[in-house]
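Chains A and B are the protein sequences, given in the same order. Counting the first sequence from 1 gives a position; the working numbering is that position plus 1384. Counting the second sequence from 1 gives a position; the working numbering is that position plus 92.
None of these hints come from the bench; they were simulated from the model. Keep in mind it's a predicted model, so treat the numbers as computed, not measured. Be aware that one or more of the hints could be misleading.
[To be verified] Here are the simulated DSSO-like pairs of lysine-lysine, each with C-alpha atoms no more than 30 Å apart in a straight line:
#1 B/305 with A/1515
#2 B/283 with A/1478
#3 B/283 with A/1455
#4 A/1455 with B/305
#5 B/141 with A/1496
#6 A/1389 with A/1430
#7 A/1454 with B/305
#8 B/283 with A/1515
#9 A/1464 with B/305
#10 A/1437 with B/283
#11 A/1464 with B/151
#12 A/1430 with B/283
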Amino acid sequence: MIEFKHVYKTYGADRHTLRDISFNINKGEFVFLTGPSGAGKTTLFKLISAYEKISSGEVFVLGHSLAKLKKGQIPFLRRKIGFVLQNYKLLKNKTVYENVELPLVILDVAQKEREQRVTEMLRQVGLETVKDQYPDYLSGGEQQRVAIARALIHEPEIIIADEPTGNLDPELSKTILNLFFEFSKKGVTFLVATHDYRLIDKQKCRLLKVDNGQLVEDAVV
Amino acid sequence: MKLNSLKISLFIIITLSITLIISGLLVYKNFVGFLGAWNQSNKMNIYLKVDTTESERNKLIAFIKKQKSVSSAELVDRNKAGLNFQSSLKEFSSGLVTMDELIDLIPESIEVDLENSLSLQERDQAFAALAQSVQEQPLVEEINYGATWIKKFEKIDQVFRSAGIFAFLVLLVSISYLVALMVRIYIDDSKQEIEIYSLIGATRWSIYQLFLKDVFIFLCVSLVVSFVVLFAAFTYIKSKLVTSGLAETFIENMSFLSFNEITFVVFMLFVFIYVNCFLTIQSSVNRLNQISNE
Ligand SMILES: Nc1ncnc2c1ncn2[C@@H]1O[C@H](COP(=O)(O)OP(=O)(O)OP(=O)(O)O)[C@@H](O)[C@H]1O
Ligand SMILES: [Mg+2]
Chain A
1385 MIEFKHVYKT YGADRHTLRD ISFNINKGEF VFLTGPSGAG KTTLFKLISA
1435 YEKISSGEVF VLGHSLAKLK KGQIPFLRRK IGFVLQNYKL LKNKTVYENV
1485 ELPLVILDVA QKEREQRVTE MLRQVGLETV KDQYPDYLSG GEQQRVAIAR
1535 ALIHEPEIII ADEPTGNLDP ELSKTILNLF FEFSKKGVTF LVATHDYRLI
1585 DKQKCRLLKV DNGQLVEDAV V
Chain B
93 MKLNSLKISL FIIITLSITL IISGLLVYKN FVGFLGAWNQ SNKMNIYLKV
143 DTTESERNKL IAFIKKQKSV SSAELVDRNK AGLNFQSSLK EFSSGLVTMD
193 ELIDLIPESI EVDLENSLSL QERDQAFAAL AQSVQEQPLV EEINYGATWI
243 KKFEKIDQVF RSAGIFAFLV LLVSISYLVA LMVRIYIDDS KQEIEIYSLI
293 GATRWSIYQL FLKDVFIFLC VSLVVSFVVL FAAFTYIKSK LVTSGLAETF
343 IENMSFLSFN EITFVVFMLF VFIYVNCFLT IQSSVNRLNQ ISNE
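Chain A extracted, bound-state conformation (with noise of 0.2 Å):
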């Protein structure tokens, strides 16, 4: 699904920012990936979704080489994967509503069943209640569940989560995860960057570990 074959990743002459990072992530496999503020996770993330480009080694992701991926590609690699970024990305001039059902009016759904498939989304994250407000009137918690609701949505291979639950209280940092392993069993493959130790304990799963740009650590808990 997803394999770094010494990826490095260098911004300006010398600032190495990912350093000779390795491992391979299967279909269907959840993994967490932490590190300190700096280490180098969302830059990863802009790797796998061909937002940067691979100083050196090579990147595969769903079976394409990124170095090799022609510019109109991008886009249809990008609809399999789910994005959850940090800074949730909404737009502020559409509706929760609208905001989720986005993913589906790319890939040309059918009114109908995108009707039925965001009321239902809305509803596993819990957000019913506020799918006729804009986001800019939404908690930080809300936003992000909008954010997640919109990653799930079209029901991707991949879905790429930076901090997904930075904002959410424990509670509903558990529903939130429970929710994921839901959609992993079903063959999701998750990488999902987190500094949140406590989500990581509740589960066994796979961790990878990033320090100032390199990988230090491949491990299951």
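Start from chain A and add chain B with the ligands according to the hints.
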């Protein structure tokens, strides 16, 4: 589509720009029309020698009428010419010369007019050719068609036409840049939107379309608004001028842009503004197509 202050100012700029261009064309067209009207009122006078017979004169008139581009040739008899002359001099001449003396002074002439479809230059050439062939006729004393004036007007007309085209192009280019700049500000304002669309896998082309659609709507509405406003203003000004009684023939000939001209202007505006906007959208979207940490 939701309106915000940026979209509204974009709309206003596009509308004002288009209005500016069209009103420029309108002034240009009517000024050229004014020159043309003067040109068409200019006729050729062929003065005859004294003591000609009627049959000789008729023969000459028939000969003139057969020449290229001639639309009419009429004899101006002495009495009529005298009256004209007197009325144009009015009180200056009163008492100086009597009507009879005046008529003796004025030679008989033939007034020749050309077809209206001729341009200033063509008219000048036609007059010159006509003058040459008529000159040799025995009855002819002198020919006058304001040749030096035509030459001057021709120069003015030429300068005005090329300056007009140049100004039109300069205006078009600067306006399409201005609009493109506004579009760029508008796109930069939508940075977040572009990031999100690209994140969920929208193709570049479909992101361009989001903006192209907006620009298209603005452009269409702006065009309609500008034409309607200008047409109303034009009609109002013309009606005011008509009641003022100044330069009547010119004012009556004042006209709005024709259908063909409108088509041409709309086409040019669309091509220039839209192409420029498309390039701006393309480069801006490509520049913003990344994840920022905002
Ligand atoms: N576009 C860029 N240009 C230069 N340096 C960058 C760029 N993006 C990231 N970096 C640097 O790379 C390092 C890793 O950043 P990254 O955002 O990946 O950290 P992170 O692990 O996600 O941290 P956090 O937990 O705080 O989100 C940082 O030192 C950052 O300054
Ligand atoms: Mg980060």
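Hints and how they fare:
no.	hint	result
1	B/305 with A/1515	27 Å, holds
2	B/283 with A/1478	15 Å, holds
3	B/283 with A/1455	20 Å, holds
4	A/1455 with B/305	24 Å, holds
5	B/141 with A/1496	96 Å, violated
6	A/1389 with A/1430	16 Å, holds
7	A/1454 with B/305	27 Å, holds
8	B/283 with A/1515	24 Å, holds
9	A/1464 with B/305	27 Å, holds
10	A/1437 with B/283	21 Å, holds
11	A/1464 with B/151	94 Å, violated
12	A/1430 with B/283	18 Å, holds
In terms of the numbered hints stated before, the structure departs from hints 5, 11, listed from lowest to highest.
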